[in-house]
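Undergrad: Construct all of the structure, not just a fragment, from the sequences and the given hints.
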Amino acid sequence: MLMLASTVCGFIFGWGLLISGMVQPAKVIGFLDIFGSWDPSLAVVMAAALVVSSAGFTLATWRERPILAPHSVWPTRTDIDRPLVVGAMLFGVGWGLVGLCPVPALENLATLSPRVIAFVVGMALAWCSMTFGGDAPTRRNRERKPAQ
Amino acid sequence: MANFSPVSAAIGGTLIGLAATLLMLLTGRVAGISGIFAGCLDFGATDKSWRVAFVFGLVLAPLVGGLVGYPIPSPEMPDSWSVIIAAGLLVGFGTRLGGGCTSGHGVCGMARLSMRSIVATAIFMATAIVVVALSRHLFGG
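One line per chain: the protein sequences are A and B, in this order.
Under this note's numbering, the first residue of the first sequence carries the number 45, and numbering increases by one thereafter.
Under this note's numbering, the first residue of the second sequence carries the number 4, and numbering increases by one thereafter.
Everything labelled a hint here was simulated from the structure, so no lab data went into it.
We treat Cβ as the ideally placed atom computed from N, Cα and C, and that holds for glycine.
The calculated label-pair distances, taken between Cβ atoms and stated as ranges, are:
#, chain 1, residue 1, chain 2, residue 2, range
1, A, I111, B, F59, 18 to 28 Å
2, A, L112, B, E79, 32 to 42 Å
3, A, G80, B, S77, 19 to 29 Å
4, B, I121, A, R107, 16 to 26 Å
5, A, C172, B, P76, 21 to 31 Å
6, A, R126, B, V71, 45 to 55 Å
7, A, T122, B, F59, 29 to 39 Å
Chain A regions said to be covered by chain B (calculated; three or more residues, Cβ under 8 Å):
#, region
8, 65-76
9, 130-136
10, 162-168
TA: Here you go:
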């Protein structure tokens, strides 16, 4: 059931991205290009997603536990540290260069575009090097106590 | 604002919010895709299967879209190969170091009013806007 639920969630997420047009890097660049012919669509996508997920997450906090899992795994950190700031800046540079962030990059694998594949390989290499280089956020997350 | 498409943007955004909500309600997980995918690549991770399932669903969407007359557009990336690979590496390092991307920080974190996510989103948006301004207007053409 958990697998099915995750697949369906990924599918709805991907469908939303497809309908909104945000799978297209050129559309994302159109939003970031405020000095060109600016396209505010991405702001509308984000606002709509935020309204729905804010309501949904409030609903989730009322429940004692998720429907299909023993407990929730919420991020619990609140500190603004150097890695957060530097990481966000590096991500911003990469995002601005080609208009791809992780979700549309993965979804665009479906087009089998060699350029997208090259981008995802770069992204995956960076992730692997950090996972095996000792700084493994996925492992740290697992050790962290759930918030609820 | 010739390319502004508010209606499809609002529908798409609603679906993205719905997906994040369902994932939280059903599995108790945050829909942060950089973390989900990085976890797929971490051989030591024990909770890998739901992550792989999520990414599978994500890639399945455009394939089904193509079958029902909603094909994924061919990606427009005129940049050189070196820029594309460098951008991929930067996005990879940056999202792991910063603990999230547009989905984890930009949607899920901001919806929870997490200060880390609000700061991260402001920084990566501002940085990307500056990079686009520099590369498309000051240096590019």
